[in-house]
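Residue-level listing of the chains:
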Amino acid sequence: MLERLPSAKMQTWKITKRLTQKLATIAALVLIGGLLSATLVRMAPGFDADERQLDPSLSAESQLALRQSRAGEHDILRFYANYLRNALRGDLGTSHALGQPVQSLLRERWPVTLRVAGIGLLLAWILASTLAFIACLWRLPAFEIFGTTISGAFLCIPAAVLALLSVILNAPGYLAIALIVFPKIYRYSRNLFAKAYAMPHITAARARGLSETRILACHVLPIAGPQMIALAGITVSVALGAAIPVEALCGLPGIGQLAWQAALSRDLPLLVNLTVMVTLVTLLANSGADVMVYMLARGES
Amino acid sequence: MKINKTDLTAISRLLFCVAFLALSSAAFAQSGGELRFCLRAEPKTFDPLLVDDDSSLSIRYLTGGVLVRLNRHTQELEPQLAESWKLSKDGKQIIFKLRSGVAFSDGSPFSADDVAFTMQRLMDPALHSSTGDAFRSGSGAVTTKIMAPDQIAITFPAPIAGLDRLFDQVAIMSAHSPKKEAAVLGPFMVGEYKAGSSLLLRRNPNYWKKDSQGRRLPYLDSIRLDIQSNRDVEMLRFKRGELDLINVIDSDYFDRLAASSPGLAHDAGASLDSDFMWFNEVAAAPIPEYKRAWFRSTNFRRAVSEAINRDDLSRVVFNGHAQPAVGPVSPANKFWFDSKLKADPYRPDDALKLLQADGFRLQNGALFDKAGNAVEFSIVTNASSKPRERMAVMVQEDLGKLGIKVNVVTLDFPSLIERISQKFNYEAAMLGFRNVDLDPNGQMNIWLSSAEDHAWNPQQKAPETAWEAEIDRLMRAQASAADPKKRKESFDRVQEIVAEQAPFIYLVNQNALSAVSSAVQGADPGILSPQTFWNAERITLNPTTRASR
Amino acid sequence: MTRARKLACVVVLVVCVTSAAANWIAPSGYAKQFRETPDAPPSHQHLLGTDEVGRDRFARVLYGTRISLLLAPAAALVSTALAALVGGLAGYLGGFWLRLARGFTDLFLSLPWLFLLITVRALLPLNVSPLTSVLITFLILGLLGWAASARVLSTSADALRNSDFILQARASGLHGPRLFLIHVLPNLTPVLYAQFWISIPVFILSEANLGILGLGVAEPLPSWGSLLRELEGLISFREEPWRLVPLLLLIVVMTSFQLLLSNEEVTA
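Protein chains in written order, with the numbering used here: chain B, -4 to 296; chain E, 9 to 557; chain H, 7 to 274.
A few of these clues could be false.
[What the hints assert, rightly or not] Quick list of in silico lysine-lysine cross-link-like pairs, BS3-like style, CA-CA up to 25 Å:
id	chain 1	residue 1	chain 2	residue 2
1	E	K350	E	K409
2	E	K188	E	K202
3	H	K12	E	K394
4	E	K94	E	K350
5	H	K12	E	K413
6	E	K202	E	K105
7	E	K496	E	K94
8	E	K188	E	K97
9	E	K409	H	K12
[Stated by the list, open to error] A few chain H residues that face chain E, going by a derived Cβ cut-off under 10 Å, partial list only:
id	residue
10	A10
11	K12
12	V16
13	P33
14	A37
No lab work stands behind these hints: they were computed from the structure. Beta carbons are placed, not taken as given, at the ideal position from N, Cα and C, and that holds for glycine.
Can you build the whole structure from these sequences, using the hints too?
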């Protein structure tokens, strides 16, 4: 007869198993993401094109050399296999557009993007949540219209214009990111809170004289919480996307600026690495959100 | 009151001090400081022999020492590291007499060894340098012979037209310095580079040039180049006083700047650049045969050319800061421009007659060819150029009046390049040509029918038309002729054939527009690149004006 | 709120009617170039001035409204439906399907779809009509814009799956698609509404940005997105405030639609 493991050990084993599965899934998805991204870039028109081909001073031999410079990237599976092999040794390849090792480019630029996008995202959440909470607590039609108009206005303003405004006003780039991202968070969170507030037990709690703060903390947030956490995971990729025009216009040497340059010049080594990084960040953010939701659900049960 | 000798001495000493202070403050105002402007993109290389993009070109211009320099104003060659030079009669050899007492930025001496090293590296076929390719005249090696530490002969396998002028692009590298390409002979050297952000060029303390008073140039301490691709932001920073120059400014911003601060905006007149369009005449192109027949018809091309209102393009798109283009050479190119030629006037009635001569007919506002096909084609152009998009929209309207339906398709640059130079999957294209070279010999690969850049029908095994065969002959003739007058005769005829046959429909030559802040002294914006800082070594900054901006 | 709704109704009606009547209100059309007066300020002849090639901006706003007002909500509907299908269904089914959908959406969010769009442009003929081009653009936007919302929906649907009323519904014999459509989907409406309303202006702006890839509205056809791109020369807007009109119009229309069509999210 098998001896039953003590329940604490069983729980630890289950958690470890889930974590390992999660990490394995993340690793697999990152690898697939890199390959898919490389395939998309390779299949897109203009892959072999280089604007130097239009330079009339280049000889026929140089033109041929230019066209053949990317021959090693034509077989995408071989390219990706080589890339993975080299990446394990710490060599992430060399950027075609900038002629520099991808590793040093990423090392210099990731902190800039993480800082700008991170602060922007935090500000966006603070702004959106505050507006959504106030709208739900006060329940004033005028504030509702105000919130709808403000968030609608910022949704309608092109990201490039917001970035330009931040340059004109000498405001930091993360403020532009915050203004780009907050309307999306506001719209979702306002609707989620409104839905939670519409539940019958909230009315009952109000009738019993519970304070609005207590209702919000103990009854509304637990209902809307899991979806808000899921939303938080999504907004990481939204913020990274917003970083592209903001960095380009505000002159911030981050990943967003690099990604745009890489896309325009079909810089495959750089694009693959950037996709792998973005996929990893997105997966970690969303998986982290999933774990938190799971733990919240377990806590309740 | 009587002034005694002691008083006089004191007064004269006082006057001397005042004069000294005044002079030294003036001298102070004329030296030092940091000039600031933007590069539109990240420089792709710091190797002067591999430079191909605008940003790297600017850095090479400011840091590289050259044997001869084309004066961007007079368009004449001037001695630099070479005191003098002599071209052989057959155009195959050039002998340079080098300046003595010159050192690189790291102090290592400059000699003929360095010139030989640079030329050997430049002509290495494995390098694929566009600067080196300009020197390739035939099969065979380029040889260098050091005749003395300050004299070198460079011999080419075949004659090269305008050989001496090509050395304006060759920055001499050190053969012996451990710093390699970091050791430079130009007025500035690379100090600090923050990728994606900025580049700082510091004054080269060993720069060989001195002014008329014996002061070592450059006057500036440093130049800061910020990497900024957005023109709105660049303009904003200039207005705020954060930048001192905008090397090339759009006509929209030019007019606003001229209205608010007239002295800061400079229009140097027509530049060497041109905007043009052409039709796809490639036999293997995946376009319907009937369309290819239209595009190959000279009457069709001439009709399209005469249906386009170039005056409107200049006035509306460039606010009058452009001129109708005549042909491949801008009127700004004083020697090579064929002054007998004029831009095609706007004559839609004559255009229609040309089309009717080819069997086209106008019916209910739409144009049909003799087979009954409605005349419709697309023009592809690059999306990153707003002026070109606007020109395409105006051409669309102009041709619409002739019943021709034009679809404007803007594409990202790599997709566009693939279509026009690899897959030939396009009908008409509109692009601009940034001409940095006065000599048309640099355009051989455009005009030779067998060449890669013969845009409308490249890499022909044999010229498919008599006029292309004639252009081939004339271009080869001018390339091998030593006499500039004979060369000009040949190239004038090329320009005339191009005007007759219209393989390229030239639209406008934009003016060279730039902005220079009032704090900058000594700048003299011109039309040749780099327009505003071609004399960077003599530019000074007025710190009082700079502080007040 | 009733007064606000009435006002919103009037605004939406006025916008729809004027854009439908563009042919009569702005007979010069959106393409005619008044080349003598490019970049002109507002006047009797041109109520919102002219653009950089002399086209009447008021006419372009009217005609552009038609395109964007019809197609952007349609594309938003497509993305919302896809989000509901992928995210909602995956959350409802749970287990393997939920994990698969989440992995798929995370991957979808990370890929550089720009290259797919470039490839789509390459596959289209160059002489495709402006209307076809813009239809394809909005369709692609709809097909690509669902992933973020699907992620949130999957969490909502997953939470609902084990809720009391769903268990009761199952116990009373309701299963499969009926259970999903009648009980699960209606409870996902807050997220679906949010997805729908956010998508419209996002797609309008994205359509303009796709112009650099050769997609989007082709010249001379206007759209709100292409009109909003004029704002990118923003440093001059103090001198030319009329260039802000398309932006103000979009804000007013979006706000009006939201006020008009939302119910418990406004009255809660």
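Enumerated hints in conflict with the structure, sorted upward: The structure breaks hints 3, 4, 5, 6, 8, 9, 10, 11, 12 and 13; every other hint is satisfied.
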